[in-house]
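Student: Please model the entire structure based on the sequences and the hints provided.
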Amino acid sequence: MNIRVGHLYPDYLNIYADRGNIAVLARRAEWRGHRLEVEAVGMSEPLRPGAHDLLYVGGGQDREQLLVAGDMAEKAERLREAVAGGAAVLAVCGGYQLLGRGYRGFHGEDMPGAGILPLETVAGERRMIGDVLLACELEPGEKRTLAGFENHAGRTRLDAGAEPLGRVVAGFGNDGESGYEGCRAGRVVGTYLHGPLLPRNAWLADWLLTQALAHRTCSAEVPRFEPLPDELEAEAHAVSAQRARDRGGRF
Amino acid sequence: MRAPIPLQAEILAARAVGGLSRLAGAGGGTTLPGKLLWKLDPSAVDRLAARLPRGSALVSATNGKTTTAALAAAILGPRTRLAHNASGANLVSGVASTLLADRDAELGLFEVDEGALPEVARRVRPKALCLGNLFRDQLDRYGELELVAERWREAVRRLPPETAVVVNGDDPQVGDLASGRPGALVFGVDDPRHAHPSLQHAADSKYCLRCGTPYEYAAAYVGHLGDYRCPRCGHARPPLDLAARAIELDGLEGASFDLSAPAGTTRVRIAVPGLYNVYNALAAASLTIALGASLDEVRLGLERAGAAFGRFERIAIGDRRLLVLLIKNPAGANEAIRTLVADGGPRLAVVALNDATADGKDVSWIWDVDFEPLLAGLERVVAAGDRAAELALRFAYAGFDRGAIEVLPALEEALDRGLELTPPGGEFVVLPTYTAMLGLRKIVAGRGFTRPYWERAA
Numbered sequence: 000m001n002i003r004v005g006h007l008y009p010d011y012l013n014i015y016a017d018r019g020n021i022a023v024l025a026r027r028a029e030w031r032g033h034r035l036e037v038e039a040v041g042m043s044e045p046l047r048p049g050a051h052d053l054l055y056v057g058g059g060q061d062r063e064q065l066l067v068a069g070d071m072a073e074k075a076e077r078l079r080e081a082v083a084g085g086a087a088v089l090a091v092c093g094g095y096q097l098l099g100r101g102y103r104g105f106h107g108e109d110m111p112g113a114g115i116l117p118l119e120t121v122a123g124e125r126r127m128i129g130d131v132l133l134a135c136e137l138e139p140g141e142k143r144t145l146a147g148f149e150n151h152a153g154r155t156r157l158d159a160g161a162e163p164l165g166r167v168v169a170g171f172g173n174d175g176e177s178g179y180e181g182c183r184a185g186r187v188v189g190t191y192l193h194g195p196l197l198p199r200n201a202w203l204a205d206w207l208l209t210q211a212l213a214h215r216t217c218s219a220e221v222p223r224f225e226p227l228p229d230e231l232e233a234e235a236h237a238v239s240a241q242r243a244r245d246r247g248g249r250f
Numbered sequence: 000m001r002a003p004i005p006l007q008a009e010i011l012a013a014r015a016v017g018g019l020s021r022l023a024g025a026g027g028g029t030t031l032p033g034k035l036l037w038k039l040d041p042s043a044v045d046r047l048a049a050r051l052p053r054g055s056a057l058v059s060a061t062n063g064k065t066t067t068a069a070l071a072a073a074i075l076g077p078r079t080r081l082a083h084n085a086s087g088a089n090l091v092s093g094v095a096s097t098l099l100a101d102r103d104a105e106l107g108l109f110e111v112d113e114g115a116l117p118e119v120a121r122r123v124r125p126k127a128l129c130l131g132n133l134f135r136d137q138l139d140r141y142g143e144l145e146l147v148a149e150r151w152r153e154a155v156r157r158l159p160p161e162t163a164v165v166v167n168g169d170d171p172q173v174g175d176l177a178s179g180r181p182g183a184l185v186f187g188v189d190d191p192r193h194a195h196p197s198l199q200h201a202a203d204s205k206y207c208l209r210c211g212t213p214y215e216y217a218a219a220y221v222g223h224l225g226d227y228r229c230p231r232c233g234h235a236r237p238p239l240d241l242a243a244r245a246i247e248l249d250g251l252e253g254a255s256f257d258l259s260a261p262a263g264t265t266r267v268r269i270a271v272p273g274l275y276n277v278y279n280a281l282a283a284a285s286l287t288i289a290l291g292a293s294l295d296e297v298r299l300g301l302e303r304a305g306a307a308f309g310r311f312e313r314i315a316i317g318d319r320r321l322l323v324l325l326i327k328n329p330a331g332a333n334e335a336i337r338t339l340v341a342d343g344g345p346r347l348a349v350v351a352l353n354d355a356t357a358d359g360k361d362v363s364w365i366w367d368v369d370f371e372p373l374l375a376g377l378e379r380v381v382a383a384g385d386r387a388a389e390l391a392l393r394f395a396y397a398g399f400d401r402g403a404i405e406v407l408p409a410l411e412e413a414l415d416r417g418l419e420l421t422p423p424g425g426e427f428v429v430l431p432t433y434t435a436m437l438g439l440r441k442i443v444a445g446r447g448f449t450r451p452y453w454e455r456a457a
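Order-wise, the sequence lines are chains A and B.
Numbering that gives the first Met the number 0 applies: residue 0 is where the first sequence begins, and numbers increase by one.
Numbering that gives the first Met the number 0 applies: residue 0 is where the second sequence begins, and numbers increase by one.
Calculated from the structure, these hints are not laboratory results.
Keep in mind that the hints are not guaranteed to be accurate.
[Said to hold, decoys possible] Covered stretches of chain B, going by a simulated chain A footprint (3 or more residues, C-beta under 8 Å): (1) 137 to 148; (2) 355 to 362; (3) 380 to 388; (4) 394 to 407.
[Stated by the list, open to error] Partial list, computed: chain B residues near chain A (C-beta under 8 Å): (5) Tyr206; (6) Gly211; (7) Trp366; (8) Ala391.
Backbone N, C-alpha and C define an ideal beta-carbon position, used for all residues, glycine too.
Tutor: See the structure below:
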């Protein structure tokens, strides 16, 4: 089956090797007999709700992020429609911030957000840089870990009752003090973790693909994938997780 | 307040430490004396630099600063006694160490870390400053590209008007630093035959500095370096004072080009390969011309010079050879790969990825490198270094057969495996990150095949 991915602003938001995430989604879909069809949705190009099963938004430097923020606000309504229709979303770093209500820069400049995730971001003085390890439970009873790298000045605060992506085992997380990282709302996942995220956390790639397939087939039931022999993925995860335990960031 | 220690006493103490460091086997001792001096009295660096009768020249860039400085040293060396930090110790402490070691130098020639440039420029007050390029590199250490660019702008603003500023006009951020500085020298490549058909994935400064519109490129040479123009506001590559034209790339053997300079044009041959080294040669030529070198001196110096330490090196191990090309960021790695592939491409490669501070702790950059053209010709790849598994994933998700990827984190094992897979008389390619390169050199030196770098650099 064709899984349709909308990659938002790939020319602008690609700072932390976001194409690695796309490559992992494509291969892992292919290994299950599916095909990933990736469409770039760029500046002032319309987003058609329902046309994509999975939306991807990567990270950018401040300059690029500012360039897309206005356009993103214009796409917000369509984005909300897509999400309400059950499309899965992965947003990393700058993309994560842009999905919130807004970003207040260090010099007070405001950047509007798409308002998809219940959160706000305010720039802090010191960047939070380092290896991170999270404990997650996206599905009840399925405890997993995510290992990655974070590099952000923004302090992201979730609204009361919002669900974080995971608990910080090592590293800074959303704001360096709450003990949580990322945000999850249904099939939407936002996170600061790059590295890129998916190669060393293959389980999350599979989770996103199955959510996207459920959207593709308009099925209430999310399909299950047979596991792959992920020895390299497991080893890369283990090394990255150990790095976070040894040298993950803290103030 | 502590009474200032006399400069001479500080120098003696710091020199002694360098010698002790080497004797103790702690390594090159290349930065320790400078670190100590800097701790004792930061302004001692200023005073040491001020004693150089012909002043100092600084070279900075994300990629190519070591090679550019080495090429400039080859041009200036015959007529000038240099204090040159050839071992690559390029922070303030490294500059201080070099100043301590080369007492009789006439001219300081220093490659300087991009982040350290503002402080070094303030202390050393250079006669000339050569700025090569800004690529995304070690975001965990330097922060965003824009941040480094802003610090450079500030450093250039603070230079006295008599300092000669030499910039690569093909890089929008860097070329712009010449604006408002009369007498600045702008260099660039002018040979569209060597342009990429489109901007590479890892291209960085793609948007107009003035208005944010994507630049249009008449020619994109290396990453975002090229002949750009903003279709909306017209911001474009500045006119070139020095240019490389009629470039011939001779595989891994070197390159030749017409160097067109204000004083005339001359055909230049360099022994370092690839278009990126044409940029380095242009940078070195421009800097030394700004310092008064003649076109003949430039030509002869460039012809004489070899590659800088560890950047591009053939090392014989018994009856086999290692071809080592340093990789440290997407733009540089892409050029190393482009050069290898243009030469036919190897069958076997050992790629070594470490994640120490000097390599960048964030290894995501390997996913921005275009490894695919290299992988297309490989029969086998050995992933090595502390993050070997991550590299192996990079290759596997590029579609390379998992059965042909060997994961050997220990550098010595990876090296031996490379030797084992190479027939007698053959050569294999090693692409290490910085600390992996140092580690490999140590192993090779330990087996008696090459001298340690602090001896070579002397």
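Student: Next step is simple, just say for each hint if it's right about the structure.
Tutor: Verification of the hints:
Only when three residues or more bring their CB closer than 8 Å to a CB of chain A does the claim for the stretch 137 to 148 of chain B stand; here the count is 6, and the claim holds. Figure legend: the stretch 355 to 362 of chain B, annotated as covered by chain A; annotation consistent (3 residues with Cβ-Cβ distances under 8 Å, at least 3 required). Using a Cβ-Cβ cut-off of 8 Å, 3 residues of the stretch 380 to 388 of chain B lie near chain A, which meets the minimum of three, so the contact claim holds. Using a Cβ-Cβ cut-off of 8 Å, 7 residues of the stretch 394 to 407 of chain B lie near chain A, which meets the minimum of three, so the contact claim holds.
A distance limit of 8 Å between C-beta atoms decides the matter here; for Tyr206 of chain B the minimum to chain A is near 7 Å, and the interface restraint holds. Hint status for Gly211 of chain B relative to chain A: holds, with the closest Cβ pair at about 5 Å, below 8 Å. Taking 8 Å as the C-beta contact cut-off toward chain A, the hint placing Trp366 of chain B at the interface holds, the least distance being around 3 Å. At about 5 Å, the closest approach between the beta carbon of Ala391 of chain B and any beta carbon in chain A falls short of 8 Å, and the interface hint on this residue holds.
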